[in-house]
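S.K.: Input sequences plus hints: build the corresponding full structure.
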Amino acid sequence: MARVKIQMQSVSVWYGAQPALRQVSLDVAEGAVLALIGPSGCGKSTLLRVINRLVERTPEAKIQGRIWIDGEDILRPEMDLVRLRKRVGMIFQRPISFPFSIFDNVAYGPRLHGLKDAFELRRVVELSLKQAALWDEVRGKLRRPASGLSGGQQQRLALARALAVNPQVILMDEPTSALDPGSAARIEELVVKLKGQYTVVMVTHNLQQAARVSDFTGYLQAGRLIELGETSVIFTAPRDRRTEAYLTGQID
Amino acid sequence: MNIQEASRRRSERVWMGVVAVASGLVFTVLGFLVAVLVMGAIGFAAQHGLVHTLLGARWQPLAGRLQIGLFIVDSALVTALAMLLALPFGIAVAIFGSLVAGAWERTVLRWILTLASAVPSVAYGWWGLAVVVPGIRGLGLGAGYGLVSAGLVLALMILPTFSVLAWEAILAVPEDWHQTSLALGANDDQNIIRLVLPASMAGLQTAFLTALARAVGETMAVQMVLGGAVSHFYGLFGPGATLTTQILTDMAVLPVGSPNHGVLDFMALVLFLGVTLMTGTMGRQVRGRGRP
Amino acid sequence: MMWLLRTLVAAGLLLAPGSRQAITVMGATSLTAYARAVIEPWARAHANVQVALSGGGSYAGWYAMKAGQADIALCDLRFDPGTAFYERGLGKMPVLFIANPSDGIRNVSRSSLRRVFHGQIKNWRELGGRNQLVRMVVRPVGSGARAVVAQSLGVSADGPAQVVQLSNGAVVRAVQETPGAIGYVEGDHAWPGVIALKVNGQSYQAKPGKWPFYAWPRIYWPVRASSAVTSLAHALSQSPRRSSFGLITGVNPP
Ligand SMILES: Nc1ncnc2c1ncn2[C@@H]1O[C@H](COP(=O)(O)OP(=O)(O)OP(=O)(O)O)[C@@H](O)[C@H]1O
Ligand SMILES: [Mg+2]
Chain G
1 MARVKIQMQS
11 VSVWYGAQPA
21 LRQVSLDVAE
31 GAVLALIGPS
41 GCGKSTLLRV
51 INRLVERTPE
61 AKIQGRIWID
71 GEDILRPEMD
81 LVRLRKRVGM
91 IFQRPISFPF
101 SIFDNVAYGP
111 RLHGLKDAFE
121 LRRVVELSLK
131 QAALWDEVRG
141 KLRRPASGLS
151 GGQQQRLALA
161 RALAVNPQVI
171 LMDEPTSALD
181 PGSAARIEEL
191 VVKLKGQYTV
201 VMVTHNLQQA
211 ARVSDFTGYL
221 QAGRLIELGE
231 TSVIFTAPRD
241 RRTEAYLTGQ
251 ID
Chain B
1 MNIQEASRRR
11 SERVWMGVVA
21 VASGLVFTVL
31 GFLVAVLVMG
41 AIGFAAQHGL
51 VHTLLGARWQ
61 PLAGRLQIGL
71 FIVDSALVTA
81 LAMLLALPFG
91 IAVAIFGSLV
101 AGAWERTVLR
111 WILTLASAVP
121 SVAYGWWGLA
131 VVVPGIRGLG
141 LGAGYGLVSA
151 GLVLALMILP
161 TFSVLAWEAI
171 LAVPEDWHQT
181 SLALGANDDQ
191 NIIRLVLPAS
201 MAGLQTAFLT
211 ALARAVGETM
221 AVQMVLGGAV
231 SHFYGLFGPG
241 ATLTTQILTD
251 MAVLPVGSPN
261 HGVLDFMALV
271 LFLGVTLMTG
281 TMGRQVRGRG
291 RP
Chain D
1 MMWLLRTLVA
11 AGLLLAPGSR
21 QAITVMGATS
31 LTAYARAVIE
41 PWARAHANVQ
51 VALSGGGSYA
61 GWYAMKAGQA
71 DIALCDLRFD
81 PGTAFYERGL
91 GKMPVLFIAN
101 PSDGIRNVSR
111 SSLRRVFHGQ
121 IKNWRELGGR
131 NQLVRMVVRP
141 VGSGARAVVA
151 QSLGVSADGP
161 AQVVQLSNGA
171 VVRAVQETPG
181 AIGYVEGDHA
191 WPGVIALKVN
201 GQSYQAKPGK
211 WPFYAWPRIY
221 WPVRASSAVT
231 SLAHALSQSP
241 RRSSFGLITG
251 VNPP
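Residue numbers (our numbering), protein chains in the order written: chain G, 1 to 252; chain B, 1 to 292; chain D, 1 to 254.
In short, the hints are calculated from the structure, not lab data.
To give a feel for the contact side, a few chain G residues facing chain B, derived at Cβ under 10 Å:
(1) Arg-49
(2) Leu-84
(3) Gly-89
(4) Ile-96
Note that the structure is predicted; figures quoted are calculated from it, not measured. Note that beta-carbon positions come from the ideal geometry of N, C-alpha and C, so glycine has one too.
M.R.: Dropping the structure here:
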């Protein structure tokens, strides 16, 4: 039985008076891939963003409940956000590259955390690009602007950038929905490869994708976690009628 | 329907005509203006010598000694001082306004900056006379009229314009870049220094150049506190004269039609070319390095 | 640019009711207030003439008149009228030296004054005043007051000026506020906050007749002028209102 990496207990989030997450409790096992599915606006992104506390960027956001990562309560007020976010990386829907060179994009995180040694930086950048399966395409071009890469390459660059700070958890918010099928497939392969080494929480609208890459799937609706279980079970024999309705296309 | 169509076409044609005439007029007038300037400047340079005029520092307009080297130096110094002072404060105001301030503070600050950038430059000159000149004098740094005073007045004058433009440049950094940076563990300071400033560099430089152009061309506010000394370089705290202030001052002795009026055209052209050159080279650097 | 201005002015005149003659008066800013005071009643009596008045300085007025762009030039400097122009003096206007009270100076000899404006005296102590650096406040080249000072003290009009101010008022203000300052102004006005210096023991107020520093404002107009221009020129050169603008009449230029 795997160790619990992330533990959420009764987490609720409001934007002002509007609830976005209601009393969500779940566990994520270390090294597992958890897929979050559900209709638009049901709170999937909010659930991701509460794990690295990026929801707090919205001034009117209010969080209730507890979250532990490796047993550490990360919602407590004195929690060091920098330390939290070093452990929890995030990939967004739109491939985001900073207006710098490929190298500087990947080196951005390590530099934030005080890595200055040029040799070591190069090593980290190369390793991360290899992990993100981008190295072969960009070697020798690291000084070129990142914006010259294709959308799929930029998304892998974003992954390399996140991996470069050596996180343990990776949050992915619809990482392939802005990509062509080929690029999406490569990201999927990567997620499968990262499995075991990293704990991944991934939001997706693509049910096949969830079925292909995830170990566990959670179904959210109107801010509530309706059902969470092994992916094979959720997709073949959901316990809740609402999950079944969503999977068969009756909702959304 | 055909009638409607025809009348629409006709009114369109009338409007096109109006636009064409108006822009034609503007171009004619502008072209004429530049032509007059260039002709006067060329006539003057042909007679007095380009190098002699640019590199010398003897200015006695009634005696026909018309060397503008000192004014070029003073223009450069006053502008550089102003930009050096305005740059850090302007960036600070822009960062505060765009990223730090709450909604209420932001509105007030924006309102103040907009108002301040609409204040006529004479008012900044008055402020200079009332505050800067006595202040510098109070520090025991001379009469108070001088390059530093002019630089200070100019800095304050361009600060609102520069801040607002820099503010816009910083706001143009997309929200998800901020979030990506924060999600990598950047604290707020790192986010500003390592992401926001480099990412908005192109816009910041545009803001800088716009402010610079305004600073170089400013006349009245500078004249009021600069002192107008034309014979020597009296140091940074001593009085001086810039290209613009000297054009203003000696317009009276070199009016259109007087023999040496051309030197004023020449000075205006030097100013124009200087600004163009500066913005051109800096602009190219930005495009080379900035957002690819 | 002139053709455009002319076209615009011409268009304006064509649109104006009736056909009116236009007269342009241009020149020294120090004389525009006086000129306005004369032109207003004159123009009321000559309804078919439109008079425009503008400053720009003696040189600007003189050159504009020579080029046919102005009809009457107001000058506080002397130009050579040759045979094509008439010249008429308006009287004389004193140029007073004013000093900041902190200088500790009330009286200077003419030769000391020359040395001050030559830049040879650096500290008022040298003239028996306080230990205070001398700071000159001057008018730009081309101002009548500066020409008077330059001529009567024998200093070149392009001397080592320290602080140039563009108007009488700006000079007064700078002298009021700057310790060690000395400057000069046109007119007999007693300005607050400054000391009007005696020169060789003479004060202007006590004996204006013995005062040695005067500007001699003049007007110029073309010999071949319309009768309206001639009439206005006469009004300007003879108006009794001169005395209320600091001009002393009944005297002839040297
Ligand atoms: N910054 C915000 N301020 C106010 N309301 C917000 C904010 N972000 C999200 N919401 C609201 O919270 C609810 C949940 O949003 P969330 O983005 O978590 O949904 P989602 O499941 O990710 O949707 P989608 O599938 O469209 O991405 C929605 O109703 C949304 O309108
Ligand atoms: Mg979402």
